[in-house]
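Based on the sequences and whatever the hints tell you, model everything.
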Amino acid sequence: MSNKTLFLQGNAVCVEAALYAGLDFFAGYPITPSTEIAELLSLKLPRKGGKFIQMEDEIASMCAIIGASLTGLKSMTATSGPGFSLKQEAIGYAVMTEIPCVIVNVQRGGPSTGLPTSPSQGDVMQARWGTHGDHSIITLTASNHQDVFAMTVEAFNLAETYRTPVILLFDEVIGHMREKLQMPDPEDIPLVERLWTSVKEGTDFHPYLPREDGRLPMSDFGGIHRYNVTGLIHDMWGFPSNKPDVAHGLMHHLVDKIENRVHEITRYKEFFLDDAECILISYGSAARSALHVVESRRARGEALGLLELQTLWPFPAEVVRKRCAHAKYLLVVELNMGQILQEVKKAVMDPEKVFLSNKIDGTFITPTDIRNVLRLIQGKGV
Amino acid sequence: MKKKKRKRTVNIEWCKGCGICVAFCPKGVMDLDESEKAAIVRPDDCVDCGLCELRCPDLAIESEEIDTP
Amino acid sequence: MAIRDYIRERFMPHIWCPGCGHGIVMNNLIRAVENLELRKRDIVMVSGIGCSARISGYLDFHTLHTLHGRALAFATGVKMARPELRILVPMGDGDATAIGGNHFIHAARRNIDLTAVIMNNRIYGMTGGQYSPLSGRGKAATTAPLGNIDQAFDIADLAMSAGASFVARTTTYHAVSMIKILEKAIMHKGFSVVEILTQCPTYFGRKNRLGSAVDMMKAYKTGTTPVGSEAKKEDPELIERGIFVEEDRPEYCTEYENIIKKAMGVH
Chain X
1 MSNKTLFLQG NAVCVEAALY AGLDFFAGYP ITPSTEIAEL LSLKLPRKGG KFIQMEDEIA
61 SMCAIIGASL TGLKSMTATS GPGFSLKQEA IGYAVMTEIP CVIVNVQRGG PSTGLPTSPS
121 QGDVMQARWG THGDHSIITL TASNHQDVFA MTVEAFNLAE TYRTPVILLF DEVIGHMREK
181 LQMPDPEDIP LVERLWTSVK EGTDFHPYLP REDGRLPMSD FGGIHRYNVT GLIHDMWGFP
241 SNKPDVAHGL MHHLVDKIEN RVHEITRYKE FFLDDAECIL ISYGSAARSA LHVVESRRAR
301 GEALGLLELQ TLWPFPAEVV RKRCAHAKYL LVVELNMGQI LQEVKKAVMD PEKVFLSNKI
361 DGTFITPTDI RNVLRLIQGK GV
Chain S
1001 MKKKKRKRTV NIEWCKGCGI CVAFCPKGVM DLDESEKAAI VRPDDCVDCG LCELRCPDLA
1061 IESEEIDTP
Chain G
2001 MAIRDYIRER FMPHIWCPGC GHGIVMNNLI RAVENLELRK RDIVMVSGIG CSARISGYLD
2061 FHTLHTLHGR ALAFATGVKM ARPELRILVP MGDGDATAIG GNHFIHAARR NIDLTAVIMN
2121 NRIYGMTGGQ YSPLSGRGKA ATTAPLGNID QAFDIADLAM SAGASFVART TTYHAVSMIK
2181 ILEKAIMHKG FSVVEILTQC PTYFGRKNRL GSAVDMMKAY KTGTTPVGSE AKKEDPELIE
2241 RGIFVEEDRP EYCTEYENII KKAMGVH
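Protein chains in written order, with my numbering: chain X, 1 to 382; chain S, 1001 to 1069; chain G, 2001 to 2267.
Hints were generated in silico from the structure; no laboratory data involved.
All C-beta atoms, glycine included, are put in the ideal place defined by N, C-alpha and C.
Be careful, since some hints might not be right.
[What the hints assert, rightly or not] According to the in silico footprint, chain G covers these stretches of chain X (three or more CB under 8 Å from chain G):
#1 71-80
#2 87-93
#3 283-291
#4 344-357
[As the list claims (entries may be wrong)] Taking lysine to aspartate or glutamate and the EDC-like style, the derived pairs with C-alpha atoms no more than 20 Å apart in a straight line are:
#5 G:2262 to X:24
#6 G:2261 to G:2215
#7 S:1037 to G:2215
[Unchecked claim] Which stretches of chain G does chain X cover? Using the computed rule of at least three CB atoms under 8 Å from a CB of chain X, they are:
#8 2040-2048
#9 2059-2067
#10 2130-2137
#11 2252-2263
Printed below as a string of structure tokens:
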């Protein structure tokens, strides 16, 4: 870790991390509260010879990054609530065609125009199921700027490793809050570069034939191999097919390459879990207040712990089940009506021991809000 | 008369029998055969304009250069 | 090279109906590329969804079959990333001007070096004959059983107003000039639009009693006239064909290279 300490907005940290990870292409459209990412990259990308374009809409931005990624450039777009909705069809295209890319969603209150300048974590389920059809997807989040940096780099690494779109689900508090970032040195965090095919020119190249380890070596568009990319169910050459066995195989490949590697994709942090009677489960900005409650209660000798999720999708059900098995009750802290709550209930043996502390009015959840729910659970009244 | 430079053939596997080549051939060289596929029935009348090839929606009319005496 | 060298033969015969003009467009697009002696590996074809979009599957270029209406948005990403590649973007009339209308006018406005080939058959064929923004008033379609009341776009006017620096129109009947126009469009540095009137005998033709594919092509012969001709003055109903605009204007990717130089200078 370098001595370089920066004091930045979360959106700016995301930009620094994306550049660190090797971002070469960004397409976006202005939307609060993510716009600073586009603004910063409009200068920083050309400075390194990269490309920035403000497209005519959110849909076009998503399509453009897929096109650029196909030629070999690490690509990203950034948006918020309504823009995230608009991108969903093209996100599904990236899933189906296995084109690596990163989508940042700095969440705001919704639905619809909602609360554009207020924090929310209401897009957790949209990140998972926003695009149509069965599929799997990777979604990461972070609660502080050092982790915003780490998870952004991780998003690029996972996108390349699994050849999939990766969603970074930040929120307005994280995006606009300023705090310290200890800038990593160039070699501090390993980077995953695109896996290129070693198939020589003139030899039959199968762009959609996974290796034994499940990874899919790519050939850049404009390179030596000409092949087809389509959002239709396709065979190992990338050509459309409606054969049941081809469809079955591709659907399983797309889902299994992620769901079978939950363990490798899962990132989380834990605080005082081992002897915790009550475990708070939280993520993103809400985890800041949750951590504050846990630390202050611990100081008073109460057995509270925090499980902070950084990988939201694929949902780390096994981690939740195992690390929380001993707790008497679990309290999910999130800025929505209980989107991760339902996942936690599905994951644990006793769903009736899972409670919710949330906030959906556009204000940030405070330690007091969480403590009030704790008092109710503990039968102490408000 | 212009010397013929190219010899044309119909790829009946690709031909869908739309009749465009038949209708627009200026010399009536083409016709549909009993299986409703394009056929070159009067090759000697061909003036090598090449329009049948260009207007074929099925890319079914092909040509190759021939030696001109 | 022979025409077959540009085709992925194992997918032939193609899926288009007998007499469909899209095959004529594919046929002559190949000839234009062949005449220009372009390398297949330097060409990226980006298509959307619809009958027209299926062209990309048959051609041995780098082919990207994308989402309905979004071909130009994907193509913009490819071109920005690799400006040295030639990008051909075949689209249908609904694909380009309805669901993709926004991308169309903005690609034109940027004057980004893409070649948009709009195969205008005035109908949604893949879904079975619904009216498009090009069907025109009074025409019949499966979603206009009582007659269409929608005004039609003029694609060439739209492209010119939006800033395209090369705009042309031709028809499947005029194959020889189609090839020449496509050659010029491909070589043009900037956003080029070639509208090709192409017959859909199955839906537009049948619904509107326009006869066979041959009849529809004959109508392209009699119903069009070269741009600027006297005939148009006498009969304003005639549709003009030919090149409407061919201008040298700042191209987007070239301009962006200057942005990169500027950015590196101030760094």
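Given pair status - residue 2215 of chain G, residue 2261 of chain G, alpha carbons within 20 Å: violated (56 Å)
Whether chain X covers the region 2040-2048 of chain G (at least 3 residues having a Cβ closer than 8 Å to its Cβ atoms): holds (count 5)
Straight-line alpha-carbon gap residue 2262 of chain G to residue 24 of chain X, limit 20 Å: Status holds; Cα separation ~17 Å.
Coverage of the region 2252-2263 of chain G by chain X, judged on three or more residues with CB within 8 Å: Result for this restraint: holds, n = 5.
Chain G over the region 87-93 of chain X, status - at least 3 residues with CB closer than 8 Å: holds (count 3)
Coverage claim, chain G over the region 283-291 of chain X, checked by counting residues with Cβ within 8 Å (three needed): violated (count 0)
Given coverage of the region 344-357 of chain X by chain G, checked by CB-CB distance under 8 Å (3 or more): Answer violated; 0 residues pass the 8 Å Cβ test.
Coverage of the region 2059-2067 of chain G by chain X, judged on three or more residues with CB within 8 Å: The restraint on the region 2059-2067 of chain G holds, since 8 of its residues have a Cβ under 8 Å from chain X and three suffice.
Coverage claim, chain X over the region 2130-2137 of chain G, checked by counting residues with Cβ within 8 Å (three needed): violated (count 0)
Residues of the region 71-80 of chain X with Cβ under 8 Å from chain G, three needed, outcome: holds (count 4)
Satisfaction of hint between residue 2215 of chain G and residue 1037 of chain S, Cα-Cα up to 20 Å: holds (19 Å)
In this structure, the hints that do not hold are numbers 3, 4, 6, 10, in rising order.
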